[in-house]
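Peer 1: Here the structure of chain L is known, so what remains is to put chain A in place on it, guided by the hints.
Each chain, written out:
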Amino acid sequence: MQDTNKLEIYGKSFDSRLLIGSALYPSPKIMQDSIRASASEIVTVSLRRQSPEEGGGTQFWQQIKDLGLTILPNTAGCHSIQEAVTLAQMSREIFDTNWIKLELVGDEYNLQPDPIDLVKATEILLNDGFEVLPYCTDDLVICRHLVELGCKVLMPWGAPIGTGKGLLNPYALSAIRHRFPQITLIVDAGIGLPSHAVQAFEMGYDGILLNSAIAQAQSPVTMAASFKAACQAGRLAYEAGRMPEKNTAQPSTPTLGMPFWHQTG
Amino acid sequence: MNVTINGQPAEFSDGLSLLDVVVQHGAQAPFALAVNGQFIPKSQHAETQIKTQDSIEILSPVQGG
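In order, the protein sequence lines correspond to chains L and A. Under the working numbering, think of the first position of the first sequence as 1, with each following residue one higher. Under the working numbering, think of the first position of the second sequence as 266, with each following residue one higher.
Hints in this document: simulated from the structure, not taken from any laboratory. Everything numeric in this text was worked out from a predicted model, so none of it was measured. Heads up, the beta-carbon is just placed ideally off N, CA and C, and yes, glycines get one too. Keep in mind that a hint or two might mislead.
Straight line, CA to CA, 30 Å or less: simulated DSS-like cross-link-like pairs of lysine-lysine [claimed, not checked]: (1) Lys12/L - Lys228/L; (2) Lys307/A - Lys12/L; (3) Lys29/L - Lys165/L; (4) Lys152/L - Lys65/L; (5) Lys316/A - Lys65/L; (6) Lys152/L - Lys228/L; (7) Lys120/L - Lys307/A.
Here are the computed distance ranges between Cβ atoms for each label pair [as the list claims (entries may be wrong)]: (8) Tyr171/L - Asn267/A: 32 to 40 Å; (9) Ala275/A - Lys29/L: 33 to 41 Å; (10) Gln289/A - Ser80/L: 24 to 32 Å; (11) His178/L - Lys307/A: 40 to 48 Å; (12) Ala311/A - Pro26/L: 35 to 43 Å; (13) Ala233/L - Ala311/A: 53 to 61 Å; (14) Ser308/A - Ser13/L: 38 to 46 Å; (15) Pro306/A - Leu236/L: 41 to 49 Å; (16) Lys307/A - Arg144/L: 31 to 39 Å; (17) Gly302/A - Ser27/L: 48 to 56 Å; (18) Gly77/L - Pro306/A: 18 to 26 Å; (19) Lys120/L - Gly280/A: 35 to 43 Å; (20) Leu149/L - Gly302/A: 18 to 26 Å.
Extracted from the complex, chain L is given alone in its bound form:
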């Protein structure tokens, strides 16, 4: 059975609800094989200082282009609004896309997004014609500010980047889902297991974005296939609608006609 709806990001539709990163794989080939096994249609990339010893990034870029996927550049590692805006502008030119995964580090300890500067940078970039996918915390009010600025997509964290701890605050994530039913919501960062992905989809999230969970698995390609299945399972479960939760047991087997009913010796 197929997911009847598609993931919508700024007017583009995708069959896969998994966005995948291109970093930390044991080798370029495993990166390509993992991305293919995930069936993801969107891959994240970044920009860094050109290193002539590494061919100026040509080889990596060709490997990504060979996959034929939609590119989502990020501003990972930026600590100021100016850095993020400049990197976004450079990314737009080199990757030929208005999409930007806006990351603005607010603290080195947990790489938490800076909520205040994130909003300011988002406004600058939206006014400059970008389609911003902000990586944010699970703060409902920050999300509201981002939506009011014009963001059509929000990417609250599940847990700090690279921790693999899963959804640390399901209540907050669920509240964001209920508050913004028309916004495309993607859990970005912190997912470590396919069960975490299932949980995100079961609560109504539209997508997940991950990298380390696949790239740092013992077998990245196999884990990529597992996440593909988990995304489909979680989304179908959401569409199916869960059973009402109860506090007391209710027998599933009919009690009518039960032999020996309450017979005592």
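Peer 2: This is chain A only, laid out in the frame that chain L set:
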């Protein structure tokens, strides 16, 4: 003139454009450029004059999460 390219000191003749500098430096496409923290679009590489103490960034695609 003395400039920095990707954080490293470099020396070039006076009066060069940004395009001249990156070509002489041996930058390989694809890349995007910034001078003193400001993005310089490709259409302005040839007309942007570089002066001493400028800081030039040459960025290329890398892996990202």
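Peer 1: Take the hints in turn and mark each one as holding or not.
Peer 2: Results of checking the hints against the structure:
Between Lys12/L and Lys228/L the alpha-carbon distance is near 20 Å, which keeps this suggested pair within the 30 Å criterion. With a C-alpha separation of about 27 Å, the suggested pair Lys307/A and Lys12/L falls inside the 30 Å cut-off, and the hint holds. At roughly 27 Å between alpha-carbon atoms, Lys29/L and Lys165/L fall within 30 Å of each other, so this suggested pair holds. Distance hint between Lys152/L and Lys65/L is fulfilled; the C-alpha atoms sit about 26 Å from each other, no more than 30 Å.
Taken as a hint, the Lys316/A and Lys65/L pair is broken in the structure, with Cα atoms around 36 Å apart against an allowance of 30 Å. Annotation: proposed proximity of Lys152/L to Lys228/L holds, straight-line Cα distance about 24 Å (limit 30 Å). The suggested pairing of Lys120/L with Lys307/A holds, with an alpha-carbon distance near 26 Å, which does not exceed 30 Å. A beta carbon spacing of about 56 Å between Tyr171/L and Asn267/A contradicts the range 32 to 40 Å that was offered as a hint.
Here the CB-CB span from Ala275/A to Lys29/L is close to 36 Å, well matched to the stated 33 to 41 Å. As the Cβ distance of Gln289/A to Ser80/L is approximately 30 Å, the hint placing it in 24 to 32 Å holds. The hinted range of 40 to 48 Å is satisfied by His178/L and Lys307/A, whose Cβ atoms lie roughly 45 Å apart. At roughly 42 Å, the beta-carbon separation of Ala311/A and Pro26/L lies within the given 35 to 43 Å, and the hint holds.
At roughly 54 Å, the beta carbons of Ala233/L and Ala311/A sit within the given window of 53 to 61 Å. Between Ser308/A and Ser13/L the Cβ separation comes to about 32 Å, which falls outside the hinted range of 38 to 46 Å. Judged by the Cβ atoms, the range 41 to 49 Å given for Pro306/A and Leu236/L holds: they are separated by roughly 45 Å. The given range of 31 to 39 Å is respected by Lys307/A and Arg144/L, whose C-beta atoms sit roughly 37 Å from each other.
A beta carbon spacing of about 35 Å between Gly302/A and Ser27/L contradicts the range 48 to 56 Å that was offered as a hint. Hint check: Gly77/L to Pro306/A, Cβ distance near 22 Å, so the stated range 18 to 26 Å holds. Taken as a hint, the range 35 to 43 Å holds for the pair Lys120/L and Gly280/A, whose Cβ atoms sit roughly 38 Å apart. At about 24 Å, the beta-carbon gap between Leu149/L and Gly302/A stays in the expected band of 18 to 26 Å.
Hints 5, 8, 14, 17 from the list above are not met by this structure, while the remaining hints are.
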